[in-house]
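**Student:** Each chain is listed here by its residues.
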Amino acid sequence: MVTLDERPQLIDALSALRDRVAAVRLPLPLPDTPRARQTRAELLAQLDDYLVPRLKDPDAPLLAVVGGSTGAGKSTLVNSLVGRRVSESGVLRPTTRTPVLVCHPEDHHWFAGMRVLPQLTRVWLPQADDDHADDAPPPEENALRVETAASMPRGLALLDAPDIDSLVVENRLLAAELICAADIWVMVTTASRYADAVPWHLLRTAKEYDATLVTVLDRVPHQVIGEVSRQYEALLDKAGLGDVPRFTIPELPESADGGSGLLPDSAVAALRGWLAHRAEDPAARQQAADRTATGVIDSLDARLPELAGAVAAQYAASVRLGGAVEAAYGEQAKRVREQLGRGAVLAGDARTRWRAYPRDSTADELLDALAESLAALLHCAVSAAEERVRDAWRREPAADALGPARTGRDRDTAERIGVEVRRWRRVLEEIAEDEVRTVERPSAPRTAAPEADTVAVLLAAALLGGRRTRAAGERLAELLGAQAALRLRDKGGELVLSYVDRVLHAERDRRLAPLEALDVTPEPQAELIAALSVLQKEK
Amino acid sequence: MVDDDESRAGTGSGAGARAGTRAGAPAGARAGGGGREGDRDPDRAHEQSGRWDDGLIARRAAERGAAVPEMPPGADDTQEPDTLPPLGGSYGGPLRARLDALHELVGLSRTRVESEALAEAGRVLDEAAARQRLSSRHTVIAIAGATGSGKSTLFNALAGVPVSETGLRRPTTSAPIALSWSEGAAGLLDRLAVPSRLRRRPLAGGAADTELQGLVLIDLPDHDSAVTAHRDQVDRVLGLVDAVIWVVDPEKYADAALHERYLRPLAGHAEVTFVVLNQIDRLGTEAADLVLDDLRRLLDEDGVALGEHGEPGATVLAVSALTGEGVPELREMVAGFVQERTAPERRLAADVDAAAARLRPAYLADGRSGLDERARDAFTDRLGVAVGAQAAGEAAERVWRRGAIRACGTPWLRLYRWYERIREHGSTDPHLATPVEDELTARQRVEQAVRVVADEASRGLPTPWAQAVREAAARGAEGLPEALDELTVTIGDAAARPPRPAWWPAAVLAQAVMTLLQIFGALWLVGQIVGVVEPGLLPPVLVMLGGIVGGPLVEWACEGAVKGPARRYGQEAERRLREAAAACGRARVLDPMAAELMRYREVREQYATVVGTRPSSRIVGGGRGGTGRLGATRTGVRGR
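Chains as they are written, first to last, in the working numbering: chain A, 1 to 539; chain B, 540 to 1179.
Mixed in with the good hints, there may be bad ones.
Said to hold, decoys possible - These stretches of chain B come out as covered by chain A in the derived footprint (C-beta under 8 angstroms, 3 or more residues):
| no. | region |
| --- | --- |
| 1 | 685–695 |
| 2 | 759–768 |
| 3 | 785–796 |
| 4 | 928–934 |
Unchecked claim - Pair by pair, the computed Cβ-Cβ distance ranges are:
| no. | chain 1 | residue 1 | chain 2 | residue 2 | range |
| --- | --- | --- | --- | --- | --- |
| 5 | A | G226 | B | S675 | 38 to 44 angstroms |
| 6 | A | T362 | B | V1071 | 50 to 56 angstroms |
| 7 | A | T121 | B | T824 | 35 to 41 angstroms |
| 8 | B | T1029 | A | D412 | 37 to 43 angstroms |
| 9 | B | T1029 | A | R467 | 23 to 29 angstroms |
| 10 | B | I1058 | A | D364 | 38 to 44 angstroms |
| 11 | A | G113 | B | E864 | 28 to 34 angstroms |
| 12 | A | G226 | B | S654 | 53 to 59 angstroms |
| 13 | B | E847 | A | R122 | 41 to 47 angstroms |
| 14 | A | T121 | B | E847 | 40 to 46 angstroms |
| 15 | A | D519 | B | E1118 | 29 to 35 angstroms |
| 16 | A | N142 | B | A658 | 17 to 23 angstroms |
Rather than coming from a laboratory, the hints here were simulated on the basis of the structure.
Glycine is no exception: its CB is placed at the ideal position from the N, C-alpha and C atoms.
Kindly generate the complete structure, drawing on both the sequences and the hints.
**Tutor:** In structure tokens form, the structure reads like this:
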């Protein structure tokens, strides 16, 4: 059981948990991600706006948030409770766009700072008369108006929230966030709305969090007050909320007709009395605040694993996406090796040149053709891998975050591969040159010293042509001696494979780069669960 | 104070109706529509719930598999479109043409487009057929709205008699109630699955409402109460009626549930939509105007066209079902609407629009598509490279030239060259290659060429068609390298046996003569030295010199003469190989792809017919004729 005495360990555990939750990032758009993001935002809101401040300052005033559907008369109710027009009300929906917080002047310092609802900027209005309400500056994004009224009991603040079912999505989100910050949830509904689906979600949520809850049935026509409140009670009973305090406020001319007036004191006296009692009686206050706090902490047991599950799903998706890339490129690497072994490079142009060499084509031409053919082979492999990745990622909703896949027309890829192949060719020529320089003249004295480019082209042909170019190997041995030729071929073979791998790895890494930039790791999941178990021990 | 009114109306005169309404209606109606909601694909339900998923507040809305907001036209019918009777029988030309085109479209693309997207179109067709079989003299109008907005009260006000129970208990009406002003609507009501218990007639006096003859009014349950079965019923019936009167009240007119779930998705159905602001008696006149304006603004933001200034669109008006204010106007409008008898057609047209919009991603994509000349040429060029046409041509040219020069060369030069070769390559036969006659074609180049051309052709196509084009290319590419191999072998290696030109023997003879002259001159000189022949230095020297100078001269002349024909010969060899490869690639890859593209173009034209005018501006390149024609016909529909 949480008590509102200061509990440094509990606060530490909660702060640690909060940091873990804040550190959670859900960058991949999985089907469940929007909900997980929402869960994270709600958790943060509840921890930042309610739980941590409440536990740090058990003496801070209670915050009662008035929430409900559009047109339920929330603002009118708040105004009537305060006894002054602090929140604008009217017939046009949605009325309240900037939430308004009202408290006793002496409690003002609790709310003026960033203790609760730190993400809302505080706005102060000069004490406006009713006539000047229209002069209000245009509602600011993420603003909270703080008003003071001496008629408020000390130790209690009222917050007029926007509609929970507003057409304006930001309002809906803001309303949810504000309700998360409440010690006391005041749910307002009306005679024509009490069966609506949306407010009932909220009521059930309140029950789930075991929050201190009050319901107000507003705008009930006098004639039917008995029947409607009976109905409502029956519905509440059915939902297991029978013990929730209910207040009924009849529809009065003041609340209709433009809603400009305040309700008579008699209509709201009971509610005000109840709220004042919570604020002033230490036991009731303790109980009200305690219950909500405990409920929220208990609800973490279910909600954190949900978030942790979403984090795990993110990681799994990331692994799946990366795995598809690795598999595609791995498969192509295998295929390229197999093709090299088969001598697939020596086809088309290269084959024709080879057949004509040395009588009808020069070493340079043959080497050009071989290099080009090798580049084509690599480009084809990369394109095939990209195609595989594209197909695999098309089935993954999470891939949307990673930008469009490349197609076979990608010029840059061809460019990069071309650069690598040219580099390979240069290195090959250098090796051949070194070999020619160092090789001892073989036994046949009548032959001239072999030329470097002849050696280079024979070597390239021997390496890339598979068994089709066995003759090239033999010729090489003839020119350089068997051992030198063997050494050269080994060196060259390593060179080819290393360049092939380098090209494929570079392309694979380019493909993986956006995924790696998202930095989805499994650690946050474990950390969340760890933080939760620390909290459970402290509870 | 609508609750007050409703209670009074309900208790005062609706006692008889109440018994019938509550009896067992929900069970019957649910039996009719219950199973269908379950079959809905989960994806779409999820998509819908996604919009609502604001977390804490609306979380459970999603868990319950939120309602599907769009009207599922004829969702009950799952019959195959093939079993349809001839389409568009009683509808005017434009709609019939669009329905026919849709039918055609569904048939043409069944194997290409995912069946889920087409199922929706199939449902529209079923709906059209089903509605057409039924009475066209009747117009079915549903009254829908939130709990407590006074649907039943308005229903009763239009009926002139308390037919539907009104009351405070929320939600009040739990099953649709039908009220028909004239006979012959039984089939329509069967389709709506309204049990006969809940079919009403206006009082005897109702027959006097001649202007409302043909009207079938349906009172629907609410769509936003915690009883989700109601929402399911509303969704089902909304898909089947001809027109809808949305009842909103000053308290709830801005509810997200109404706007996001219904009005926005149904914005295309504006012409068959009435939006009625009820309970204006709760507001002052000024406030009522304010609210009405705000409602108009919200509808506008929803994308609902407003029927003002004689333009087609939704009708918005304010009434008070309780005091009767505005009800005569509404009645008059409904009467006019019913007498026009165009509601079913307009509704279907809107359904076709919606189906077309949903199919849009499968048929239209931004960007120009198709195989242009450049892409084709690039493809055949790549194939040419793959078979090594250029190198083959050059090799042929060189072989021929070498042969000619060798034949005409001086023997001395040939001897020298032979020696050089030996010295350099260490063997008399420098021909290293052992010809391998498998996989002559560069496989990787062919694969890449096909991939590039398929990407090129499918760029700018909607996904299913892009996929179809790629598949066609991939099918064609199977066996293409082998075919090219075979082709290369058949055409033969031009370098293997070059032909001999006619002047060649003459040149060889001349060269031989020159050599003979040298030998003759040398022998002559030797003879003089030995003394066999009488001395005389000049003639033998001249003869020998002639031979020595003439030999290279002949060779040089041959070299010059052989250059042109050799190049022509090489180019001819290259051209032959290239063209054969191109023809092969065209037949195997380009033609199937072009056929697929043609099919897409056909389908797109059908789609343009289905769409009518609206997206015509975005159709690039194709379907030009279709859209222009339909532009005219679509306005025709509106005009009538």
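**Student:** Work down the list of hints and note, for each, if the structure agrees.
**Tutor:** Right, here's what the structure says about each hint:
1. 685–695: holds (count 4)
2. 759–768: As far as the region 759–768 of chain B goes, the hint holds, because 6 residues have Cβ atoms under 8 angstroms from chain A.
3. 785–796: Contact hint for the region 785–796 of chain B vs chain A: holds, 9 residues under 8 angstroms.
4. 928–934: With 5 residues closer than 8 angstroms to chain A, the region 928–934 of chain B meets the three-residue bar; holds.
5. A:G226 / B:S675: 38 to 44 angstroms: 50 angstroms, violated
6. A:T362 / B:V1071: 50 to 56 angstroms: 51 angstroms, holds
7. A:T121 / B:T824: 35 to 41 angstroms: For T824 of chain B against T121 of chain A, whose Cβ atoms are near 39 angstroms apart, the range 35 to 41 angstroms holds.
8. B:T1029 / A:D412: 37 to 43 angstroms: 39 angstroms, holds
9. B:T1029 / A:R467: 23 to 29 angstroms: 25 angstroms, holds
10. B:I1058 / A:D364: 38 to 44 angstroms: Given about 41 angstroms between the Cβ atoms, the range holds.
11. A:G113 / B:E864: 28 to 34 angstroms: 53 angstroms, violated
12. A:G226 / B:S654: 53 to 59 angstroms: 56 angstroms, holds
13. B:E847 / A:R122: 41 to 47 angstroms: Given a distance of about 44 angstroms, which is inside 41 to 47 angstroms, the answer is holds.
14. A:T121 / B:E847: 40 to 46 angstroms: Given a distance of about 41 angstroms, which is inside 40 to 46 angstroms, the answer is holds.
15. A:D519 / B:E1118: 29 to 35 angstroms: For D519 of chain A and E1118 of chain B the Cβ distance comes to about 54 angstroms; the hint is violated.
16. A:N142 / B:A658: 17 to 23 angstroms: The hint (17 to 23 angstroms, Cβ to Cβ) is violated, given that N142 of chain A and A658 of chain B are roughly 44 angstroms apart.
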